[in-house]
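Trainee: Residue numbers (the UniProt record's numbering), protein chains in the order written: chain R, 1 to 334; chain H, 1 to 356; chain Z, 1 to 348.
Fair warning: there could be bad hints in the mix.
[What the hints assert, rightly or not] Computed, partial: chain R to chain H, Cβ under 10 Å:
1) 128
2) 142
3) 236
4) 237
5) 239
6) 242
7) 243
8) 245
9) 330
[As the list claims (entries may be wrong)] Residues of chain Z placed beyond 10 Å of chain R at every Cβ, according to the derived structure:
10) 102
11) 118
12) 288
It should be emphasised that the hints constitute simulated quantities derived from the structure, not laboratory data.
Glycine included, C-beta positions come from ideal geometry on N, C-alpha and C.
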Amino acid sequence: MGRYLIRRLLQTVVILLVISAITFFLFWATPANPALLICGKDCNTETVAQVNATYGFDDPLIVQYGTYMQGLLSPGGRTIGSEGSERECPWPCFGESYQNGIPVWDSISDAFPATLWLATGAAVLWLFFGVMLGLIAALRKGKLIDKLSVGIALFGVSFPTIVFGYLLLFLFIVKLQWIPFPDTANAALFTVGPVKWLQFYILPWITLALVFAALYTRLTRANMIDTMNEDYIRTARAKGLSERTVVFKHGLRSALTPIVTIFGLDLGGLLGGAVITEQIFSITGLGKLAIDSVLGNDLPAIMGVVLFAAIFVVVANIVVDVLYAFIDPRVRLS
Amino acid sequence: MTESVATAATPARETGRPFLELKDLQVHFPTDDGLVKAVNGLSFTLERGKTLGIVGESGSGKSVSSLAIMGLHKGSRAKVGGEIWLDGAELVSMSVAEIRRLRGQQVAMIFQDPLSAMHPFYRVGDQLTEAYLVHNSVSKAVAKRRAIDLLDRVGIPAPNKRFDDYPHQFSGGMRQRAMIAMALMCDPALLIADEPTTALDVTVQAQILDLMMDLQKEFNSAIVIITHDLGVVAQMTQDVVVMYGGRVVEQGNVRDIFYRPEMPYTWGLLGSIPRVNRGGDHRLKSIRGTPPSLINLPKGCPFQPRCDYQEHVEGHSCVSELPELLQVDTGGHRVRCHIDHLQRERLFTEQIKPSL
Amino acid sequence: MTLGVTEAQSPEGGLPADHLAETAEAKQIEGRSLGQIAWARLKKDKIAIASAIIILLIIAVAVFAPLIVKLNGFPPDQFNKTNADGSPLLNTRDGGIPIGGLWGSGTSSEHWLGVEPQNGRDVFSRLVYGTRVSLLVALGGTIIAIVIGTVVGMVSGYFRGWVDTLLSRLMDIMLSFPSLLFVMALTPVIADRGQDLFGIPDDNKLRMGVLMFVLGFFGWAYLARIVRGQTLSLREREFVEAARSLGAGPGYVIFRQILPNLLPTLLVYTTLLIPSYITAEAALSFLGVGIKEPTSSWGRMIADASDWIESNPLYLFFPGLALFITVLAFNLLGDSVRDALDPRAGRG
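Only chain R is shown next, with the shape it has when bound in the complex (with noise of 0.2 Å):
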């Protein structure tokens, strides 16, 4: 088991640095100047010429991802700027945004609760009620409550997120007025109490939370019934167990194991940023940040966001596979 989580963690590692890697280079390679990026509407030769020793463009690009991974992994930081305009940029240096100058961990730690709240409190919504559904739906196989549950997760699954959003939207807050427009200063729990705060997250929860519902519904559905098709469940009906004992501690444990490694890697892409549902209900997190660090041609910051969000799929990665070498015996001990 020690061993196992060793090499574990040392592939994390090398994937993570061939991650980071990739985006440095597709991103930091494309545009064709970035000075001209910074300097925006004034540039001339003299300004570019300035940009570009201030930024190390002149530099080969080899240099300037190691210059930019010191920042990452260095516990001192690294320092920005050319000579005379030195500033230091502490770990984690993401680097500066070259819209505004702040410091991209700043913009992203800043972020981030914002979808943190959305991302685990829709992840409760959808876990809750897809593995309920599903689990109904596949014992009562073929029955009327089956129908319906496959019928609402084919639904959910067909929902794309910027129509069922928009629709919650339009319904709830535009048409029956029960909730206010969203206001981003109800995102932050211990300054507004709980129930702006709810009111402010709700609708985005309900509707990212939809589609993966529909997805688990699917999944419990799915896995239940081939789990209860076992030769192992006959053999625990064979030994007269209750019904009840026959389906929640041989079907479920063994039905369930499948969602833990999915749950994992869906909260974990997750963290990174909900981009639509952010966008649709003006939620000031990671998402928001890409998209406008997209839109505005910054690529320190697109490329701080990008690397952040690809640690948190890696990292849920790595847990998700303890986890199941710790629920399935036969991945532990071999």
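Following the hints, position chains H and Z against chain R.
Mentor: Below, chains H and Z without anything else, positioned relative to chain R:
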């Protein structure tokens, strides 16, 4: 676990029925493509301390029948008809709650492929004690002692260590032994073994069969053994039922089936057993053709499309008419075949026997 | 005692319970191939038929978009200021909201689904043309993902060894990318680059190409993993062994023997990818990184309409409905296809 007396027939209490009696068992599965008639009219009796073999190709309905005895079709789409009497109680009409009390306790089952029949996530020991704890109000410690004792009895070394292992840590033979131990936890009066040795290699196979016979003597249980291996049948059983296409085509005691078989399908089965003492010019015979569709069973004899002896029947009754399962001579030997009894005897002695 | 099953028809994956196996065996003995069984099942499936008809209609709309738009006479990019009788179409004093129509959407006998606020472009025409963008991008992306995924998966599973190790790690890495973020960030960058490097103008033809490429490029890894697994088991099967022992080369085995057996998987995956790419294209255009003005895209329309959600909700409703119906139809059909091809489905 006292040395019980291996007396034969212990007649059921009130009714005077045999210990286990199947009467015209039918199991049908409705599917999208039509009604699958998996078992059509299976009847046999079995006393305690005795072993009955059910033989046939896959798809002949043997496993489905055994699941019906366990009541494991209840709650599924399967339609079960006929009667199953066990120790004076009728199982087909029994509710799930009632039959659940018998499962594991009075009737236990040894499944084929123990790797898939044991839960991969739970310890072998816990899977053994589970049934014991449900049917007996004892402490976990008592159940554990019992499980370790049985693991020891079925020949698993260091049973108190192995108790904590998971199924995938056992070898195939050990898993099958553990499976048998699991079935024996509650001293079942009836043990159903579904291809108990198919997944095992030959030496382990022999050990497992010996073990089952020893345990039968000790517990005086009745055993139904389901197999396609006639070697197992010859070694283990007193009575044999040969099934084909969901129907009994021949049944009788083990000597009837091996020395006086009268149904061409049984001849085919016997011809496909490899024998060491057979002469070099004899080739192993397989039965030509494929098993019948259980949805569209042939109108006449189910074996007719594959039967090489139908010219011995006058007219087209093999195609048009289902032969009845008729008694031959006196004993319990019954055969389902249109060919005349004397003709069958002659065919067997003249054509079949020499090449066996 | 053989079963009447040839390799090509034998279902993937074991049949779990023995009694199921017995009935299933009985089924195959009838000798229909999986494809025939699936087709027979699909024809009986009312939902499959209905969704197939809807999809055909949607495709027809996309193909015949210019003809359909002639019906109402408003090209999708035309700014309309007045009705046929000369009365104003938009309320210029009120930010350009359409005058009249259902819920202030400007619906009329001329503009069946109303007009865009401010510009007065015909919503029906834009919706019809948006169908083209949606389907083209989704189809292109799907083809790219399926081709890459199938080739990589088959090569990885067939050759094993270091090739497999390398490609499997590549799949792992691709799956570790936060793909929506990447697609979102890369699309404008690549479109931009296309302009710089090749002198291709950053118009919507290029954008559509980039979208297809980026969606396909970030979508193949999962399929490759599935294909790899199936190839690994297929290459061990007797009919492949036999072909190889007779001297068949890898090309022959991969394309003539393994690929045909992967077709059900690929078909199912295609029907799942198309709707997800339709959604993705809409999402990217909605975010402003996909299709740009003046080409119409459902996602773009939704983004525009979100500004008018209070005064003109119908403008938001129509593209939303179009998107929903399209995705639903594809998903329903995909589900039916998957069920029809599942050897275990409906067997007792």
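Trainee: Give a verdict on every hint.
Mentor: For each hint, the structure was consulted:
For the restraint placing residue 128 of chain R at the interface with chain H, the shortest Cβ-Cβ distance is roughly 23 Å, beyond the 10 Å limit, so the hint is violated. This hint holds: residue 142 of chain R has a C-beta 8 Å from the nearest C-beta of chain H, less than the 10 Å allowed. At about 7 Å, the closest approach between the beta carbon of residue 236 of chain R and any beta carbon in chain H falls short of 10 Å, and the interface hint on this residue holds. At its closest, the beta carbon of residue 237 of chain R sits 6 Å from a beta carbon of chain H; the interface hint therefore holds under the 10 Å criterion.
A hinted interface residue such as residue 239 of chain R counts as satisfied when its beta carbon comes closer than 10 Å to some beta carbon of chain H; here the least separation is about 4 Å, so the hint holds. A distance limit of 10 Å between C-beta atoms decides the matter here; for residue 242 of chain R the minimum to chain H is near 7 Å, and the interface restraint holds. Residue-level restraint check for residue 243 of chain R holds (minimum Cβ-Cβ distance to chain H is 8 Å; threshold 10 Å). With its C-beta approaching chain H no nearer than about 8 Å, residue 245 of chain R sits inside the 10 Å limit, and its interface hint holds.
At its closest, the beta carbon of residue 330 of chain R sits 5 Å from a beta carbon of chain H; the interface hint therefore holds under the 10 Å criterion. Interface exclusion of residue 102 of chain Z from chain R stands, the closest Cβ pair being 15 Å apart, more than 10 Å. For residue 118 of chain Z, the condition that its CB be more than 10 Å from all CB atoms of chain R holds, with the nearest at approximately 19 Å. Against chain R, the non-interface label of residue 288 of chain Z is violated: not every CB pair exceeds 10 Å, the least being about 6 Å.
In the structure shown, a violation is registered for the earlier hints numbered 1 and 12, in ascending order.
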